[in-house]
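Enquirer: Letter by letter, the chains look like this.
Protein chains: 2
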Amino acid sequence: MKNDHSLLSNIRIVLDHTSHPGNIGSAARAMKTMGLSRLHLVEPRRFPHAEADALACDARDVLGEAQVHTTLDEALRGCVFAAGLSARRRDLAHPCMDVREAAQRLVEIATTQEVALVFGNEAYGLSNEELSKCQLMISIPTDSAYTSLNVASAVQIMAYELRMAVLTESGAASDTPKFARLEDIEFFYQRLEETLIRIQFLDPDHPKRLMPRIRRMFARTQLEKEELSILMGILKQINLHAKHKVD
Amino acid sequence: MKNDHSLLSNIRIVLDHTSHPGNIGSAARAMKTMGLSRLHLVEPRRFPHAEADALACDARDVLGEAQVHTTLDEALRGCVFAAGLSARRRDLAHPCMDVREAAQRLVEIATTQEVALVFGNEAYGLSNEELSKCQLMISIPTDSAYTSLNVASAVQIMAYELRMAVLTESGAASDTPKFARLEDIEFFYQRLEETLIRIQFLDPDHPKRLMPRIRRMFARTQLEKEELSILMGILKQINLHAKHKVD
Numbered sequence: 001m002k003n004d005h006s007l008l009s010n011i012r013i014v015l016d017h018t019s020h021p022g023n024i025g026s027a028a029r030a031m032k033t034m035g036l037s038r039l040h041l042v043e044p045r046r047f048p049h050a051e052a053d054a055l056a057c058d059a060r061d062v063l064g065e066a067q068v069h070t071t072l073d074e075a076l077r078g079c080v081f082a083a084g085l086s087a088r089r090r091d092l093a094h095p096c097m098d099v100r101e102a103a104q105r106l107v108e109i110a111t112t113q114e115v116a117l118v119f120g121n122e123a124y125g126l127s128n129e130e131l132s133k134c135q136l137m138i139s140i141p142t143d144s145a146y147t148s149l150n151v152a153s154a155v156q157i158m159a160y161e162l163r164m165a166v167l168t169e170s171g172a173a174s175d176t177p178k179f180a181r182l183e184d185i186e187f188f189y190q191r192l193e194e195t196l197i198r199i200q201f202l203d204p205d206h207p208k209r210l211m212p213r214i215r216r217m218f219a220r221t222q223l224e225k226e227e228l229s230i231l232m233g234i235l236k237q238i239n240l241h242a243k244h245k246v247d
Numbered sequence: 001m002k003n004d005h006s007l008l009s010n011i012r013i014v015l016d017h018t019s020h021p022g023n024i025g026s027a028a029r030a031m032k033t034m035g036l037s038r039l040h041l042v043e044p045r046r047f048p049h050a051e052a053d054a055l056a057c058d059a060r061d062v063l064g065e066a067q068v069h070t071t072l073d074e075a076l077r078g079c080v081f082a083a084g085l086s087a088r089r090r091d092l093a094h095p096c097m098d099v100r101e102a103a104q105r106l107v108e109i110a111t112t113q114e115v116a117l118v119f120g121n122e123a124y125g126l127s128n129e130e131l132s133k134c135q136l137m138i139s140i141p142t143d144s145a146y147t148s149l150n151v152a153s154a155v156q157i158m159a160y161e162l163r164m165a166v167l168t169e170s171g172a173a174s175d176t177p178k179f180a181r182l183e184d185i186e187f188f189y190q191r192l193e194e195t196l197i198r199i200q201f202l203d204p205d206h207p208k209r210l211m212p213r214i215r216r217m218f219a220r221t222q223l224e225k226e227e228l229s230i231l232m233g234i235l236k237q238i239n240l241h242a243k244h245k246v247d
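First to last, the sequence lines map onto chains A and B.
The numbering used here numbers the first residue of the first sequence as 1 and each following residue consecutively.
The numbering used here numbers the first residue of the second sequence as 1 and each following residue consecutively.
With the rest of the complex left out, here is chain A:
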């Protein structure tokens, strides 16, 4: 995970002709939560702006370092690859890639070179001319009944997918809990069965499928060492009380 930030810093988010400053702020926050920091703005209608600052929360540094450009070409300078987000299908469709696959592709390139993700205006998206400057068109799979994804939400989804692509690339070490040993679990099952017979829940002459069912339930849970201790302790107390009665 040590090189994630240098990899993610090779990815820039380009917001093209964004109307609402609030969306720029929300996009900055969305980026920062996923480890992205390089924001480029092409002709934002209002920027800098108090509303952008307010919605950025603690990602105002991303806004502070944002670069403002007059053309998309300028915003893409230095990049070897650009992907444009588009809700619409075009007549002359660009190669359109699955979001997830696209994120993997971008991360792959970003390990050594700079790439861009381009988001268009809230109302009309990216023009065909702007899309033509991208090598790839990405379409987030919205519901056909309501395709109007907020631009900062689209940034959030893509930033998340980029981060997931980074995380799944390197095998992350997870902290595995201490599981109970199988022989100790077997011992527990024996004790449990005896106890269920003692409290007259299990009829040894007609055991049906009770123990197999219980085994299946605990097999699914993958008991931890400490949990097994608790269960054994409970059994002990049940037996103590049940014995008293029988005596």
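Hints in this document: simulated from the structure, not taken from any laboratory.
Only a predicted model underlies this, so the values are computations on that prediction, with no experimental measurement involved.
All C-beta atoms in this analysis are idealised placements derived from N, C-alpha and C, irrespective of residue type, glycine included.
Be a bit skeptical, because a hint or two may be false.
Computed list of lysine-lysine pairs in DSSO-like fashion (alpha-carbon distance at most 27 Å, straight line) [claimed, not checked]: (1) K225/B with K208/A; (2) K236/A with K178/A; (3) K225/B with K236/B; (4) K178/A with K208/B; (5) K225/A with K178/A; (6) K236/B with K208/B; (7) K208/A with K178/A; (8) K236/A with K236/B; (9) K236/B with K178/B; (10) K225/A with K208/B; (11) K236/B with K208/A; (12) K178/B with K208/B; (13) K225/A with K236/A; (14) K208/A with K178/B; (15) K236/A with K208/B.
Simulated DEER-style distance windows between Cβ atoms [said to hold, decoys possible]: (16) G78/A with A123/B: 37 to 47 Å; (17) S6/B with T112/A: 44 to 54 Å; (18) S229/A with S229/B: 47 to 57 Å; (19) R77/B with E108/A: 43 to 53 Å; (20) D61/A with E169/B: 35 to 45 Å; (21) I197/B with D205/A: 28 to 38 Å; (22) E169/B with E108/A: 39 to 49 Å; (23) E186/A with Q190/B: 24 to 34 Å; (24) D73/A with V68/B: 27 to 37 Å; (25) S144/A with A123/B: 49 to 59 Å; (26) G64/B with K236/A: 52 to 62 Å; (27) R209/B with K236/A: 16 to 26 Å.
Examples of chain A residues lying across from chain B (beta carbon under 8 Å, computed) [said to hold, decoys possible]: (28) I157; (29) M217; (30) H241.
Assemble chain B onto chain A, guided by the hints.
Expert: Same frame as chain A, but now just chain B:
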């Protein structure tokens, strides 16, 4: 794809103690773009509210049909599975699943039964007690330098992952077992606690972390209807025997 909507309508989004009405509106829009429609609110600070309407855009119908509750239990009624979003790692960690894997699991269950995704308050998230009512904790992998994901953004990411899970699902009808309802599981926990006190395993004056541990264990196993019946039957017998002793 024809049954996607009925599947997605088995998934409810629960916003718990949300402070800002704008976030409720944005969440509704995020949901609708991904085909989700069932919104449940637990004690929202201000709702309905003009700001919620404004940010929902054309997803105001989702707000209009939102159900408002006074408790999380009420909001989860009828569900067989609930997953809680949490930024923090807990001492006694719930089974914490990868976002993507969790989405697949939820979609799998939602093919036949109702499930919930629970999002906490903007400032303090979900309490441990609230999380204990969930079978699964989901942690969106934010950057350690800035983990403060907006709640509507978290809804957007999860809604997107649910949609992706639906789209990528092979369509192979898996035979999901009949799970126990959450309210019935809560009732079991109550009875179990009483029983453990009765057999003197649990000291009500020093309960330590016993019940949370047991909840966590059963949360992992995701109890089936029939298994819960078995467990309730066992409790009944234990009490029968323990009572005799006390008398």
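Enquirer: Could you run down the list of hints and mark each one as holding or not?
Expert: Status of each hint after checking the structure:
Proposed proximity of K225/B and K208/A is supported: the alpha carbons are some 17 Å apart, at most 27 Å. A hinted pair counts as satisfied when its Cα atoms are at most 27 Å apart, and K236/A with K178/A qualifies at roughly 23 Å. The suggested pairing of K225/B with K236/B holds, with an alpha-carbon distance near 17 Å, which does not exceed 27 Å. Taken as a hint, the K178/A and K208/B pair is honoured in the structure, with Cα atoms around 20 Å apart against an allowance of 27 Å.
Only pairs whose Cα atoms come within 27 Å are accepted, and K225/A paired with K178/A is accepted, the gap being roughly 6 Å. Proposed proximity of K236/B and K208/B is supported: the alpha carbons are some 25 Å apart, at most 27 Å. Restraint check for K208/A and K178/A: not satisfied, since their Cα atoms lie roughly 33 Å apart, outside the 27 Å limit. For the hint pairing K236/A with K236/B, the CA-to-CA distance comes to about 17 Å; that is within 27 Å, so the pair holds.
The straight-line distance between the Cα atoms of K236/B and K178/B is roughly 23 Å, inside the 27 Å bound, and the hint therefore holds. For the hint pairing K225/A with K208/B, the CA-to-CA distance comes to about 18 Å; that is within 27 Å, so the pair holds. At roughly 19 Å between alpha-carbon atoms, K236/B and K208/A fall within 27 Å of each other, so this suggested pair holds. Annotation: proposed proximity of K178/B to K208/B is violated, straight-line Cα distance about 33 Å (limit 27 Å).
A C-alpha spacing of about 17 Å is found between K225/A and K236/A, which places the hinted pair at or below 27 Å, so the restraint holds. For the given pair, K208/A sits about 20 Å from K178/B by alpha-carbon distance, which is consistent with the 27 Å threshold. For the hint linking K236/A to K208/B, the alpha-carbon distance of about 19 Å falls within 27 Å, and the restraint holds. Taken as a hint, the range 37 to 47 Å holds for the pair G78/A and A123/B, whose Cβ atoms sit roughly 39 Å apart.
At about 46 Å, the beta-carbon gap between S6/B and T112/A stays in the expected band of 44 to 54 Å. Range check, S229/A to S229/B: Cβ separation about 27 Å, and the 47 to 57 Å hint is violated. Distance hint for R77/B and E108/A: a CB-CB separation of about 46 Å, consistent with the stated range 43 to 53 Å. At roughly 40 Å, the beta carbons of D61/A and E169/B sit within the given window of 35 to 45 Å.
Between I197/B and D205/A, the C-beta spacing of about 33 Å keeps the proposed range 28 to 38 Å intact. For E169/B paired with E108/A, a C-beta distance near 26 Å fails the hint of 39 to 49 Å. Take E186/A and Q190/B: their Cβ atoms lie about 31 Å apart, and the range 24 to 34 Å holds. Taking 27 to 37 Å as the suggested C-beta distance range, the pair D73/A and V68/B does not conform, at roughly 50 Å.
Checked against the hint of 49 to 59 Å, the pair S144/A and A123/B fails, with Cβ atoms roughly 36 Å apart. The hint said 52 to 62 Å for the Cβ distance between G64/B and K236/A, and at roughly 56 Å that hint holds. Separated by about 19 Å at the C-beta atoms, R209/B and K236/A satisfy the suggested range of 16 to 26 Å. This hint holds: I157/A has a C-beta 5 Å from the nearest C-beta of chain B, less than the 8 Å allowed.
The interface hint given for M217/A holds, since its Cβ lies 5 Å from the closest Cβ of chain B, which is under the 8 Å cut-off. Annotation: H241/A was flagged as interfacial toward chain B, and the flag holds, the nearest CB pair being 5 Å apart, inside 8 Å.
Against the hints set out earlier in the document, violations occur for numbers 7, 12, 18, 22, 24, 25.
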